[in-house]
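Novice: Now for the letters of each chain:
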Amino acid sequence: MNQLQKHALQVRKNILKQIYCAQSGHPGGSLSGADILTCLYFEEMDISAENVDTTDRDRFVLSKGHASPLLYAVLCEKGFISQEELKGFRQIDSKLQGHPNMNYVSGVDMSTGSLGQGISCAVGMALANKLDNNDHRIYCLLGDGESEEGEVWEACMAASHYKLDNLCLILDYNHLQIDGNIADVIGPEPFQSKFEAFGFHTVEIDGHNFDEIKKAFEEARKVKGQPTVIIAHTIKGKGVSFMENNYAWHGSAPNTEQYEQAMKELDGE
Amino acid sequence: MVNNMATATREAYGKALAQLVKENENVVVLDADLTKSTKTIDAKNACPQRHFNMGIAEGNMMAVAAGLAASGKVVYASSFAMFAAGRAFEQIRNSICYPKLNVKVCATHAGISVGEDGASHQSVEDLAIMRSIPNMKVFQPCDARETQEVIQKIAKIDGPCYVRLGRLGVEDVYDENYTWEYGKGNVLKEGSRVAIVATGLMVQESLKALELLEGIEPTLINISTIKPIDKDLIIETAKKHEVIFTVEEHNVIGGLGSAVSEVLSPLGLPVKHYSIGLEDTFGRSGKPKDLLAYYHLDAQGIAQKIKETIK
Chain A
1 MNQLQKHALQ VRKNILKQIY CAQSGHPGGS LSGADILTCL YFEEMDISAE
51 NVDTTDRDRF VLSKGHASPL LYAVLCEKGF ISQEELKGFR QIDSKLQGHP
101 NMNYVSGVDM STGSLGQGIS CAVGMALANK LDNNDHRIYC LLGDGESEEG
151 EVWEACMAAS HYKLDNLCLI LDYNHLQIDG NIADVIGPEP FQSKFEAFGF
201 HTVEIDGHNF DEIKKAFEEA RKVKGQPTVI IAHTIKGKGV SFMENNYAWH
251 GSAPNTEQYE QAMKELDGE
Chain B
1 MVNNMATATR EAYGKALAQL VKENENVVVL DADLTKSTKT IDAKNACPQR
51 HFNMGIAEGN MMAVAAGLAA SGKVVYASSF AMFAAGRAFE QIRNSICYPK
101 LNVKVCATHA GISVGEDGAS HQSVEDLAIM RSIPNMKVFQ PCDARETQEV
151 IQKIAKIDGP CYVRLGRLGV EDVYDENYTW EYGKGNVLKE GSRVAIVATG
201 LMVQESLKAL ELLEGIEPTL INISTIKPID KDLIIETAKK HEVIFTVEEH
251 NVIGGLGSAV SEVLSPLGLP VKHYSIGLED TFGRSGKPKD LLAYYHLDAQ
301 GIAQKIKETI K
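Residue numbers (the working numbering), protein chains in the order written: chain A, 1 to 269; chain B, 1 to 311.
Chain A with its partners taken away, still in its complex shape (with noise of 0.2 Å):
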């Protein structure tokens, strides 16, 4: 196992441990970003101890703002949140809200969870890099379901139009929403054309392989004059059997049971 790969299983139990130990949470879309967030926080963006607070590094906004137990998770790995914290998530006395705030967290970019809002938050500070000729970079998770927003496309189109080469969407592609498949709630796909129709350079990777999201990363950060969507191809629930593609983990907890075995079944016992 490498690096990469022990830090994602290592953000995967802080997922369920946290969703576990509150009882409450959304296991199924977090588990389906692991992969890209880890591969984003370990590997891509510049973020560290020391330039944390400040402007002065890459920024990553989770507009899929209910995947809070993911952003936690690998926050807790990079070593900004402690395990001890993790085990509050959803709590009274706890700094992680059940959607993120960037004023109770270091290391959380910007507040949300109402979706379709985020990835306009990123379009902001895309903006403002621009203005300052700050090379840093902005990152944005966005959910597939989620794209039914009509304010994602407002934002697409600004994004475009501002010429927003330092934006870097991630469309994590998990098929999945609340309600179902999403070409069964309302069909937002077909998602390449669409982007592209929307000033969008895009590459479409399996976001469960860290070469092909390395690879897409790399890619986005040569592209110059518009702004890139990297649409990863995941499963929802991804790494727990029981709960891979199955929208009912969307926004459920495991019991003592499920969360033993999910734990066992990533150990690979």
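Since the hints were made in silico from the structure, they are not lab data. For every residue, glycine included, the Cβ atom is placed at its ideal position computed from N, Cα and C.
In silico negatives: residues of chain A with every beta carbon more than 12 Å from chain B: (1) S82; (2) D93; (3) P190; (4) D206.
Short, incomplete list of chain B residues facing chain A, as computed with Cβ under 7 Å: (5) N60; (6) G67; (7) Q91.
Mind docking chain B on chain A? Use the hints.
Specialist: Same frame as chain A, but now just chain B:
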């Protein structure tokens, strides 16, 4: 010196913002395809590189403003009150106010004095909506000088602000020596028994109403900070008077009248408080002056309501 030139608060906003954007390089201006109406065109002309047109997409504009503010910018974002406070309510609530970001929502064309465009464009709810969001501060200047002061000074207030501006020209209430103070009401005339507490365009109409209220000699107070409201002045006024009339170009539900009654109701003072405003109704098309008369929000209407109530 007070002159009788009728300047709309949106015009004063445009000029003040153009000045501010030149002086403060941290200021960024956003608009949603209404630059000539909201007057942010002046700021665009003064500093084109820090003015961004976000197109007819107000929700996105407000969240983009949040992203800019999260990067250290002081953002002035404008549209009509209907679309700023109305359509983009939730972006203002979740992306700006919840993280307490430095965005100044400057909403023009508030109230029925929009005129001919009619009810779809006449926001009579925005004070209620904006006042109810935690972390939000709410302002409504009454004339050009006060607008200039408010626009300059809120740049130094940390966190979200909502400024309600009008389309209609309004005669000067103040001269260039007037200094606006955050959170403070301003007593324009000391009277007795009856007090008129007005905001925005209704300050000018109330000033004119005073001339029709000879023998009553009311006190007149301008409240330009709706939230946080000047509690001390409201309480002092309540103690010194028998009747308070609040006057606003807004629904009587949720605006200035509600803010004043929220201060007064726990105190059990003998003073009576009546709200003058839109009586829970939408506006309609017409000339602004005709609309003010139609809804009894011109000087005559205000004076008549006061006379009828206290007789």
